[in-house]
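Participant: Got chain A sorted already, so can you dock chain B onto it with the hints?
Protein chains: 2
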Amino acid sequence: MGKRILIIGGVAGGASVAARARRIDEEADIIMFEKGPHVSFSNCALPFHLSGMVENGDDLVLMCPTQFKNQYNIEARVNSEVIKIIREDKKVVVKNLLTGGEYEESYDKLVLSPGANPILPRSIEGVTGSNVFTVRNVVDIKKLKNYIDSNNIKDIAVVGGGFIGVEVAENLCLADKNVSLIEALDQIMNPFDYDMAQILHKEMMDKGVNLILSDGVKKIDEDFVELQSGKKVAAKVVVMAIGVSPETGLAKDAGLEIGVTGGIKVDHNYLTNDKDIYAVGDAIEVYNRLTHKTSRLALAGPAQRQARAAADNMYNIHHNNNGVIGSSVVQVFDLGAASTGLNEKTAKAAGISYDFVYIIPGDKVGLMPDSNPMHFKLIYEYPTGRILGAQAIGKGNVDKRIDVIATMITMGGTLENLKELELCYAPLFGTAKDVVNFAALVGLNLLYGKFRQVPVTIVRELVEKDEFIVDVREKHEYEQGHLKNSVNIPLSEIRERMSEIPKYKPVYLHCRSSQRSYNAVMALQNSGYDNVINISGSYLGICCYEYYQDQVTGRAKIVTEYNFN
Amino acid sequence: MGKRILIIGGVAGGASVAARARRIDEEADIIMFEKGPHVSFSNCALPFHLSGMVENGDDLVLMCPTQFKNQYNIEARVNSEVIKIIREDKKVVVKNLLTGGEYEESYDKLVLSPGANPILPRSIEGVTGSNVFTVRNVVDIKKLKNYIDSNNIKDIAVVGGGFIGVEVAENLCLADKNVSLIEALDQIMNPFDYDMAQILHKEMMDKGVNLILSDGVKKIDEDFVELQSGKKVAAKVVVMAIGVSPETGLAKDAGLEIGVTGGIKVDHNYLTNDKDIYAVGDAIEVYNRLTHKTSRLALAGPAQRQARAAADNMYNIHHNNNGVIGSSVVQVFDLGAASTGLNEKTAKAAGISYDFVYIIPGDKVGLMPDSNPMHFKLIYEYPTGRILGAQAIGKGNVDKRIDVIATMITMGGTLENLKELELCYAPLFGTAKDVVNFAALVGLNLLYGKFRQVPVTIVRELVEKDEFIVDVREKHEYEQGHLKNSVNIPLSEIRERMSEIPKYKPVYLHCRSSQRSYNAVMALQNSGYDNVINISGSYLGICCYEYYQDQVTGRAKIVTEYNFN
Numbered sequence: 001m002g003k004r005i006l007i008i009g010g011v012a013g014g015a016s017v018a019a020r021a022r023r024i025d026e027e028a029d030i031i032m033f034e035k036g037p038h039v040s041f042s043n044c045a046l047p048f049h050l051s052g053m054v055e056n057g058d059d060l061v062l063m064c065p066t067q068f069k070n071q072y073n074i075e076a077r078v079n080s081e082v083i084k085i086i087r088e089d090k091k092v093v094v095k096n097l098l099t100g101g102e103y104e105e106s107y108d109k110l111v112l113s114p115g116a117n118p119i120l121p122r123s124i125e126g127v128t129g130s131n132v133f134t135v136r137n138v139v140d141i142k143k144l145k146n147y148i149d150s151n152n153i154k155d156i157a158v159v160g161g162g163f164i165g166v167e168v169a170e171n172l173c174l175a176d177k178n179v180s181l182i183e184a185l186d187q188i189m190n191p192f193d194y195d196m197a198q199i200l201h202k203e204m205m206d207k208g209v210n211l212i213l214s215d216g217v218k219k220i221d222e223d224f225v226e227l228q229s230g231k232k233v234a235a236k237v238v239v240m241a242i243g244v245s246p247e248t249g250l251a252k253d254a255g256l257e258i259g260v261t262g263g264i265k266v267d268h269n270y271l272t273n274d275k276d277i278y279a280v281g282d283a284i285e286v287y288n289r290l291t292h293k294t295s296r297l298a299l300a301g302p303a304q305r306q307a308r309a310a311a312d313n314m315y316n317i318h319h320n321n322n323g324v325i326g327s328s329v330v331q332v333f334d335l336g337a338a339s340t341g342l343n344e345k346t347a348k349a350a351g352i353s354y355d356f357v358y359i360i361p362g363d364k365v366g367l368m369p370d371s372n373p374m375h376f377k378l379i380y381e382y383p384t385g386r387i388l389g390a391q392a393i394g395k396g397n398v399d400k401r402i403d404v405i406a407t408m409i410t411m412g413g414t415l416e417n418l419k420e421l422e423l424c425y426a427p428l429f430g431t432a433k434d435v436v437n438f439a440a441l442v443g444l445n446l447l448y449g450k451f452r453q454v455p456v457t458i459v460r461e462l463v464e465k466d467e468f469i470v471d472v473r474e475k476h477e478y479e480q481g482h483l484k485n486s487v488n489i490p491l492s493e494i495r496e497r498m499s500e501i502p503k504y505k506p507v508y509l510h511c512r513s514s515q516r517s518y519n520a521v522m523a524l525q526n527s528g529y530d531n532v533i534n535i536s537g538s539y540l541g542i543c544c545y546e547y548y549q550d551q552v553t554g555r556a557k558i559v560t561e562y563n564f565n
Numbered sequence: 001m002g003k004r005i006l007i008i009g010g011v012a013g014g015a016s017v018a019a020r021a022r023r024i025d026e027e028a029d030i031i032m033f034e035k036g037p038h039v040s041f042s043n044c045a046l047p048f049h050l051s052g053m054v055e056n057g058d059d060l061v062l063m064c065p066t067q068f069k070n071q072y073n074i075e076a077r078v079n080s081e082v083i084k085i086i087r088e089d090k091k092v093v094v095k096n097l098l099t100g101g102e103y104e105e106s107y108d109k110l111v112l113s114p115g116a117n118p119i120l121p122r123s124i125e126g127v128t129g130s131n132v133f134t135v136r137n138v139v140d141i142k143k144l145k146n147y148i149d150s151n152n153i154k155d156i157a158v159v160g161g162g163f164i165g166v167e168v169a170e171n172l173c174l175a176d177k178n179v180s181l182i183e184a185l186d187q188i189m190n191p192f193d194y195d196m197a198q199i200l201h202k203e204m205m206d207k208g209v210n211l212i213l214s215d216g217v218k219k220i221d222e223d224f225v226e227l228q229s230g231k232k233v234a235a236k237v238v239v240m241a242i243g244v245s246p247e248t249g250l251a252k253d254a255g256l257e258i259g260v261t262g263g264i265k266v267d268h269n270y271l272t273n274d275k276d277i278y279a280v281g282d283a284i285e286v287y288n289r290l291t292h293k294t295s296r297l298a299l300a301g302p303a304q305r306q307a308r309a310a311a312d313n314m315y316n317i318h319h320n321n322n323g324v325i326g327s328s329v330v331q332v333f334d335l336g337a338a339s340t341g342l343n344e345k346t347a348k349a350a351g352i353s354y355d356f357v358y359i360i361p362g363d364k365v366g367l368m369p370d371s372n373p374m375h376f377k378l379i380y381e382y383p384t385g386r387i388l389g390a391q392a393i394g395k396g397n398v399d400k401r402i403d404v405i406a407t408m409i410t411m412g413g414t415l416e417n418l419k420e421l422e423l424c425y426a427p428l429f430g431t432a433k434d435v436v437n438f439a440a441l442v443g444l445n446l447l448y449g450k451f452r453q454v455p456v457t458i459v460r461e462l463v464e465k466d467e468f469i470v471d472v473r474e475k476h477e478y479e480q481g482h483l484k485n486s487v488n489i490p491l492s493e494i495r496e497r498m499s500e501i502p503k504y505k506p507v508y509l510h511c512r513s514s515q516r517s518y519n520a521v522m523a524l525q526n527s528g529y530d531n532v533i534n535i536s537g538s539y540l541g542i543c544c545y546e547y548y549q550d551q552v553t554g555r556a557k558i559v560t561e562y563n564f565n
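Sequence lines, in order, name chains A and B. Under UniProt numbering, the first residue of the first sequence is numbered 1, with each subsequent residue one higher. Under UniProt numbering, the first residue of the second sequence is numbered 1, with each subsequent residue one higher.
No lab work stands behind these hints: they were computed from the structure. All figures in this text were calculated on a predicted structure; none of them were measured in a lab. This list has only true hints and no planted wrong ones.
Since copy identity is lost for identical chains, a pair holds within one copy or between any two.
For lysine to any residue, the following SDA-like pairs were computed, each having C-alpha atoms within a straight-line distance of at most 20 Å: (1) 95 to 75; (2) 395 to 368; (3) 395 to 371; (4) 475 to 64; (5) 90 to 105; (6) 69 to 519; (7) 395 to 369; (8) 3 to 106; (9) 348 to 294; (10) 433 to 331; (11) 69 to 526; (12) 450 to 312; (13) 145 to 368; (14) 450 to 315; (15) 503 to 27; (16) 69 to 499.
So here's chain A without its partners, still in its complex pose (with noise of 0.2 Å):
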C-alpha cells in the first residue's frame, strides 16, 4: 500500500506538494484540504480582476478537483477545514463546512501550506463593516468586484502600500475609480529605499492616485475613512492590504514550534519539530542568506521551491536549501519595478557594511522607439565588492536587470564579474554595456576610490547650504529647469571655463543622468581639483526625489526652478 500524504491547504505550496508527490509515487494515497471553495488558484494575479485584465473572476481558478483527480489522481477537498491535529494518532480532524459534519483522516506525511491571513486591526473603528474587503482568494476578489460594480462605487480608499495594496490601487485606477492609497510609513513598496520609491509615488500620482503617506487609518465609516491625522478621505469601499499574518493556529494548538518571525519553524528538510509533519509556504519562516536570519517571505516563487523539497524529502529525494534573497517585480502603471537581495534598509538592519550606486542609463538604444532612462540602484558589500541587491525602477526591461544581479548574488558574484558579464545586445533590446555593466563600472570607481558621490538625498542639503554646484548639461536643457543657485557650465565648455570652478572648496556636479557628470568630474580631478563630488542620481533622480515634496508640501520649489518633467 501507498503511503499517505495529506496536505493542509490546497493553493500554491499545498498543489505544488501534491503533484510533485505523485510525480514520484504512483501508489501514494494524496489529499488536499482547503477550506476555501477552490484550489490551485492564481493569488497573484487576483487584482487584475478589478481592472477586467482579467475579465472572469472564475478564470483565476486554474485546476477544478476534478482535473486534480482526473489527470493526478489527487483528491482535492474543498470546502474543508482541518480543525485539528492529533500528532500522536497522526490523525487529522476535518470539518465538512458546508455540512457541518466533522471526521477523522491519517497520515503519513501531513504538509502545512495554510496561507497567511490579511491583518484587519480591530483598533480602527468600523473595520468590521460591511465596506471593508481583503483580497486573499477569489471569493474575496469576486466579492469585492460584485460590491464595486453593483452598488456602482466611484470613491475606493486602498490600506497598505505593499504589494497587494499598490496592485488594487492600480487596478481600480485602472477601472476608471477615485482611489486613495494609504500608507501609514513614508514611502510604499518596502524593498524599495525612499530614494528609489520617490520615483513609484511620482508615478502613482501622476496615474492620479490620491496617495497619502505617514499617516494611518483611525476610522472608516460609510462614505470616509478617517485618519490619524484628524484629515478624511472620502471612500465608500477600503481595502485593507496592511500585510499579512501566518496561519499558525493548527500548528500552535498541535505543539508544532513556531519561530522568532512569528512563521511556523522548519529545518533544512521543511520539517516542523514533528518528523511526518512539513510546513510550507507564506505560513513558514524562512532563512535568508544575505542577513543570516530568519525572516518571512509571503513569495510564489520560494513557495513552490519549498513544496518540492518538502515533497522530495518524503521519498528520501537530495534538495538544496540554499536560504532565500527575495526577489520581486511588481507593474505600477507605466513602471516595472523590480528588487532583489537587500536594500540600503535591510543592509543596515543587519549591519552589513554596504554601498551603493545609483544610475540612469537609458534602457536600450536612445534612436529606437521606447528608449526611456532606467532607474538602477546597486548595493554592494564594502570593502568586498560583493554583490548584495538592486533596485530598478522603468519602462523598460527592469526584471532582466533584477533577475541578472539575483544570480550573480545567488553565485556569489562581486562587482569585478558584474563588469565583465557579457549579455546580449542588440539596439531594440538594450545598449552595447548594459545597465548592470555600467552599474558595476560606476560601484568599482568608488570601490577603488577614483571619484566621491553624494546621494540623491542630501541634495536639498547642498542647496540649502549653498554649496557650488555645477550642472554640466547643455544650456537648452539647464533652462527647462535645474537646481536652485547651481552653475551651469557644460560638459563641452568645461576645460575652457574650468577657472571659474573654485579649487578652494568642494564642488558637487550632476548632469541628466550622470554619465557626463561623471566625466566632467574625471576632468576635474586629473586637473589637479581634489574636493569634486558626483551626485548620484543626477537630475533625473533629483526631479523624481523631489517630486512628492512638490506636490504635497511645496516644498521642493525650495530647491529647484521650474518643473519636474
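Facilitator: Just chain B now, with coordinates in the frame of chain A:
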C-alpha cells in the same frame, strides 16, 4: 607632456579607447583617424533606417568631431586613412582622402580598431554592379535607402542569413518591399541550432519573406538573381551580407602577427606582438572560454570591453580578460531570438560532451494579456551539469532568460544552481517557476536518469517507422492537428486507459509543450513501464520544425495531419 595616443578607426572600439583614455589622463594627446566621413555611429542600428524606424539617417551618427573635441578634447579626423605604420619610428602615414595629401603622425601608443569588411565574392557574376549594396556604415545605408526610394524599387534580394541579412530583410519587409532572403546553408542565424532556426524560418515565411535555403548566388543581373540551383529570383537590388572579413591589411604590412582565425592576434592586454600597438574590435581574434579556442566575434559589447582594457593597460590599470562566450539577440518580426554560449553545433565541433533540454513553457502567467509560449533550449555539459549555453525564441522576454544563462555560464553555474535561482516574479512578468528554472528541473531529471527524451529532429523518423506515439493532449486539441498514427490518450484518462499502451515496445509521448507528457511519462514509469520516452519540444516544437518542410517541399504532410497553426 602627455602621452600621444593614435587610434585607427573611430567607431565602437576606437571611440571607446579614446573616451576611456581621456577619463584617465587629461594631458594625453588623443587622435582618432577614420577613413569614412563619420565617427561614433551606431552600426547595430543601421538596418533600422530601411524601415524608417530610424527616420533620419544622420541620426545614426551619435557624435561629430566637434563634440569629441568639446566634450572630451579628443581629435577625430574623418576622411583620414592610415595607409602605413612605421613601427621602427613609431609613426603612421595618414592620407587625407579629400585632398589626397599624405602626412606622418608619431605615437607613443597606437590602437588598431579598423573593423571588418563585408565579403563580396568575385566568383559571383555581377557582384560589382551598381545595384549591389553592402551595409557597413552610415554612408552605405543612406546610399542603399536612397537608391531604393529614388528608383521606387520593390523586389530586393538579401544574400546571407546572419544578423545583418536578417535585420535588413525584416526592415525592408516592414517598408513593404518584396524581399527574398537567400542563404547557402540549410538555416539562417548561425547562433541557433537547426531545430531552433526552424522557428525563425516559420516567422520569416509567415511574414512574407521569400526564404531560400541551401542555395547560393551564381549571378546578379539587373532584374534578377540567379542561384546555383538555376532558380531565378526577382530582384532589382541585391544586398550582400554573407559575412565580414577582418581588416588586417595594415597590420600585416607592418609585420604584426595574424592569428589562425585570420584576425589580428592579441595578448591578455589586447597588445599585438608590438608592445606599443593594441588591437581591438572586429579585426582581432578572441579567446572563447568555453571551447578554449580562439575565434572571431563581431559584437559591440566585447569590442567596448576590449577598448576599455586596452586604454587601462596603457596606464598600468589592471583589467580582467575572461575570454568571450558570445551572447546576442535579434528581433525577427514578432519574435525575439537570443542566444549565449555554446549550441549543439559548436559543442560538437569543440568535442565537448553535452546534453540538452528543449522546452516550450509560457513566458508569463497564461491569464495575462500577451502570454505566449517561449521556445527554450538549454545546453549543459554531460555528466557534470555545467551550463554551456542556451537559445530562446518567442514573443516574450527572451533576452532576460538568456542574460540569466550568460550570467550562470560566466559564474560557472550548474543545473543545480540554475534550478535554485530565485528570480523576480509577478503574473505580468513571468511564472513563479521561471522558464530557466523549469529548464534546469527537466535537465536534472535527464542528467539523473529519471526519464529519457528524443529530440524533435527525429519525430519524422518515428512516424515513418510507425512507432507507438501517445498524444496526451485533450481530444479537442488532438482534433485540430496531430502526428500521423499517434494515439490520443489525454493525461486526464491515462490511468484508466493504461492497458491501451503496450509494455513490450518503446512508447513515445508528447503533448503541446511537454509539461503534461512529462507527468504522463512519470505515471507510466511508476506503473512498471520501462521503455517510455518523452518527445522533447513536443507538438509546438514539432510544428515549427516541420513547417518549412510543409511550405517548401510538402513533405511535412507525410508526418502530420491537418495544418501547423
